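S.K.: Here's the letter readout for the chains.
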Amino acid sequence: MKKNIIQNLGFIGLSLCMLITLFFLGVIIYFISVRGFKVISWEFLTQGPRMGMTQGGIAPAIVGTFYLTLGAILFALPLGIACAIYLCEYSPKGFVVNLIRISINNLAGVPSVVFGLFGLAVFVKFFGFGISILSGSLTLGILTLPLIISSAQEALLAVPQSIREASLSLGATRWETIKNIVLPTALPGILTGVILSIGRVAGETAPILFTAAAFYTRGYPKSIFSEVMALPYHIYALMTEGVHPDQQTAIAYGCSLILLFMVLMISGIAIYIRQRQRGIYG
Amino acid sequence: MAFASLIFLIGIVIVLFKEALPIFQKVKPLEFILGKAWYPTYSTPEFGILPLILASIWVTFGAILICVPLGVGSALYLHELAGLKQRAILKPLIEILASIPSVVYGFFGMVILTPLLQNLFHLPTGLTALNASLVLGVMATPTVCSLADDALNYVPKSFREASFAVGANRWQTLTQVVIPAAGSGISTAIILGMSRAIGETMTVLMVAGGAAVIPHTFLEPVRPMTAAIAAEMGEAPMGGSHYHALFAIALILFLTTFVFNIIAEMISRRFRIKLGLSG
Chain A
1 MKKNIIQNLG
11 FIGLSLCMLI
21 TLFFLGVIIY
31 FISVRGFKVI
41 SWEFLTQGPR
51 MGMTQGGIAP
61 AIVGTFYLTL
71 GAILFALPLG
81 IACAIYLCEY
91 SPKGFVVNLI
101 RISINNLAGV
111 PSVVFGLFGL
121 AVFVKFFGFG
131 ISILSGSLTL
141 GILTLPLIIS
151 SAQEALLAVP
161 QSIREASLSL
171 GATRWETIKN
181 IVLPTALPGI
191 LTGVILSIGR
201 VAGETAPILF
211 TAAAFYTRGY
221 PKSIFSEVMA
231 LPYHIYALMT
241 EGVHPDQQTA
251 IAYGCSLILL
261 FMVLMISGIA
271 IYIRQRQRGI
281 YG
Chain B
283 MAFASLIFLI
293 GIVIVLFKEA
303 LPIFQKVKPL
313 EFILGKAWYP
323 TYSTPEFGIL
333 PLILASIWVT
343 FGAILICVPL
353 GVGSALYLHE
363 LAGLKQRAIL
373 KPLIEILASI
383 PSVVYGFFGM
393 VILTPLLQNL
403 FHLPTGLTAL
413 NASLVLGVMA
423 TPTVCSLADD
433 ALNYVPKSFR
443 EASFAVGANR
453 WQTLTQVVIP
463 AAGSGISTAI
473 ILGMSRAIGE
483 TMTVLMVAGG
493 AAVIPHTFLE
503 PVRPMTAAIA
513 AEMGEAPMGG
523 SHYHALFAIA
533 LILFLTTFVF
543 NIIAEMISRR
553 FRIKLGLSG
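Protein sequences, first through last, are from chains A and B.
Just so we're aligned, residue 1 is where the first sequence starts under this note's numbering, counting upward by one.
Just so we're aligned, residue 283 is where the second sequence starts under this note's numbering, counting upward by one.
Excised from the complex, chain B in its bound form:
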């Protein structure tokens, strides 16, 4: 039973490869990834997922611009400025933000942000990459905040005391001693936040707009990879090319988040060794 998680992980890899590979007999892997046209349901279908990949990158990048300052800033606030009492209230509030289901975030984006953005920028539709970035950014903030807060707490007290002893004030200590010491821990937090944003499905399915074209600005509708899978799998005939193509997208997603997690793991291991903590 202890090997259950290992078995499931291997099972997922096997299933993804098995269901994805048939598409590469029809389309070359390079054409699949770099092809600019995604028309899976045409009579002569085209399976190029570059628009979907770019959409995922854009939306994730936008989310990073929001969740990194907010998440890391909030973590620094918790660490440096919040007293014990404030902390006891703020930490649970951040956790509550993390436990709101993604479909509720998506719903919120659709009913509140969409009309707001549409009026603000005079757009034909408010369902855009910007909307998805905003909602994803807020969603990923508690993840980044909690993990960055953990990293800050691992920094030994003696570091701070040494810095105060040589006459630095709290801000100098924070920016020149504590943050560099916790740096790799904080970057782990950012990578995991990114990983969460790339893999998030319901939100982007609901607010990104869904147009499978290469994005040029943040104010256009886009269709990230996860949204394409979720929106199209219901209509794709089982065992057809479209079905296999969607599994291939899932495989790419899986490998991306897998690499992110491994990188985060490696960085955090080095971080612990650097600060003299055991694994």
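One chain only, chain A, in its complex shape:
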């Protein structure tokens, strides 16, 4: 009897852990949605800030985040997929592959602020790109590379070996097999990884602190060498700079809701596709 009582108590404990975790998720989403929703209007989404950040909207920050994310993906996508193809389809097993795999794992674990310093020293200073969309995108691109590589790898590994062999037996070369058979089959999986990285990149702040972001720019960025406003940085700056804390906090709620909505939509889509995908391959 006693051991069943312990079992019940244990299971209640585990359920509590799960409930508390979900509670935090609920609280965060609740407060930001309810308070953010009050601020959001058409003007908020389509105009720039006015009156020393106390009025107006966040349109330049939305546009800035879009450019930075686009730049990062354009840089990391070809590199990441090429790397995954090499690792899965071409590379001889052994020391080199191990070394690359370890470096991918470790690159994924590097704190994001360290990427920021790397971007500052290399792109801003050494290459002379200055604080700009270009520097920020490249820094974010490197940060997201491990995520793209590992999800592309997972997608490629899920392609059944028999399909490859069928293609090779029909006289296709290795490259033709990869291009016409393997990549199209793995495409949904690769896309999922890309969408997930978009969500991650759009919300990153620390890497763009010293490489791209500005609290206020007049209008929209003109070239890839301009400084930009970005949503995540805008939230941080509204909360820590300026002289009108109350009005700024209200705007920060609006910004957080927009950012949260964007990121959760994006990752939600990715998670949905992946669940279906896993269902298909078992």
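What the hints contain is simulated information worked out from the structure, not anything from laboratory work.
Just so you know, these numbers come straight off a predicted model, no measurement behind them.
Every residue gets a Cβ at the ideal spot worked out from N, C-alpha and C, and that includes glycine.
Be a bit skeptical, because a hint or two may be false.
Claimed, not checked - Stretches of chain A that chain B covers, calculated by requiring three or more beta carbons in the stretch to come under 8 Å of a beta carbon on chain B:
#: 1; region: 95 to 104
#: 2; region: 111 to 121
#: 3; region: 136 to 146
#: 4; region: 195 to 208
#: 5; region: 250 to 260
Assemble the complex: chain A is given as a structure, and chain B must be docked to it using the hints.
M.R.: Chain B only, in chain A's frame:
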């Protein structure tokens, strides 16, 4: 192209060393790490990062106290109690918790937790090590949960069946067979969660309070290493001592997380071999 990640990793190491080393011509490495005063902008600046290191350790330790029980507990719930249908809902919810940007966590800590803690403990400011620990702990929970859940799923079904066959109930099987078998996988999850908490920047920058003094209680403002870098780099003159000192902090951070990742890698490799799984 395949070597891109390797090249970037080596590039980061080179850049960190190159930009950090000049500070050690002014301050001895040991004085830098154990020095108790961090006054980088004084006319005779002092570069002792012990307060920053201790702040990082305190905040991370506090986060562990939250994310380990919550993360591992939730993983055990997913593994043992949630049916397939519940799992299909709960797993994505945990992933959503993981995908909330850190600046939003920081914002939440500032506007909701800060006044709450301030009133609860009657503090002059709610921006404290405790606040940072709480937010970091919640942030690291999904990381620990997902990885611990993976580890639990690697334990072969036959282990459980053998345990049931000798008359153990579900709880005994869980605590005496499944958890020990998945133990090193779970510890990998904890180490990676820790690594995430140490390296997290925006949250601690926003809610830890920012005072660069050696912490005595959880209810004081502190300035962890990542926050110091993020807050001060904008004002540090390029190529000056302060600039190099911040790179040196980044180097220490990088090496710490690097060691954590390597340890996690080694443990998880042994774990897979122990359970008869290939790498």
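S.K.: Each hint: holds or not?
M.R.: Hint check results:
1. Note: the region 95 to 104 of chain A has 5 residues with beta-carbon separation from chain B under 8 Å; the three-residue rule is met and the coverage holds.
2. As drawn, the region 111 to 121 of chain A meets chain B at 10 residues by the rule of a beta-carbon pair under 8 Å; at three or more, the given contact holds.
3. With 3 residues carrying a beta carbon less than 8 Å from a beta carbon of chain B, the region 136 to 146 of chain A meets the three-residue requirement, and the given coverage holds.
4. Judged by the Cβ-Cβ criterion of 8 Å, the region 195 to 208 of chain A is covered by chain B as claimed, because 8 of its residues qualify and three suffice.
5. Closer than 8 Å: that is the beta-carbon criterion, and the region 250 to 260 of chain A has 5 residues meeting it against chain B, so the requirement of 3 holds.
The structure shown violates none of the earlier numbered hints.
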